[in-house]
Amino acid sequence: MTTRFHLQPLLDLAQTRTDDATRRLGELVAAERDQEEKLKMLESYRTEYNERFVQAARDGLSPDAWRNYSAFIGKLDDAIGVQRKAVEQSRAQTSEGQQAWLEQRTRLKAFDTLSQRHQKETGRREARQEQKQSDEHAARRSPDADL
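Per the numbering used here, the sequence shown starts with residue 30, numbered consecutively.
Simulated from the structure, these hints should not be mistaken for lab results.
One or more hints might be untrue.
Unchecked claim - The list that follows gives simulated cross-link-like pairs (lysine-lysine, DSBU-like), each with its CA atoms no further than 30 Å apart:
#	residue 1	residue 2
1	K161	K149
2	K114	K104
3	K138	K149
4	K67	K104
5	K69	K104
6	K69	K138
7	K114	K67
With the hints as constraints, model all of the structure from the sequences given.
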């Protein structure tokens, strides 16, 4: 007769929370990757647009075209600044998600260790009980028992 692990509900809860933290961390990592890709795209576009501006300046630009290029590059620089902040925030969230996952995993390991100890102790108790019953049964069948 196996005794139930009295902390099983906590072990189950720790497993559920660890699974949730794992899923959330995966989402955060994917979001961080997306933010970084957007930043790379903006930086690449800015570099490309700046090269066009330099080439157009060599070929000769009107003052209006110069202002338009400069204004657009300024807007790209602003967007890059905003995106860099978004990347930093995303990295911070990912770091927090990693910490939450580690904490949940540590709790789960602690409950799992207790569960394994419980199972081992239950197994030892059952083995002792079976041995005791076997010894009693053998003692009853032994010819020395008649003496």
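So, going through the hints one by one against the coordinates:
The hinted pair formed by K161 and K149 meets the criterion: a straight-line CA distance of about 18 Å does not exceed 30 Å. For a cut-off of 30 Å, the pair hint linking K114 to K104 stands: about 16 Å separates their Cα positions. Between K138 and K149, the direct Cα distance comes to roughly 16 Å. Compliance with the 30 Å bound is thereby established for this hinted pair. Note on K67 and K104: the hinted pairing holds, with a Cα-Cα distance of about 15 Å set against a maximum of 30 Å.
Taken as a hint, the K69 and K104 pair is honoured in the structure, with Cα atoms around 16 Å apart against an allowance of 30 Å. Between K69 and K138, the direct Cα distance comes to roughly 39 Å. Violation of the 30 Å bound is thereby established for this hinted pair. Taking the CA atoms of K114 and K67, the gap is near 12 Å; set against the 30 Å cutoff, the hint holds.
Going through the hint list in order, the structure does not satisfy hint 6, though it satisfies all others.
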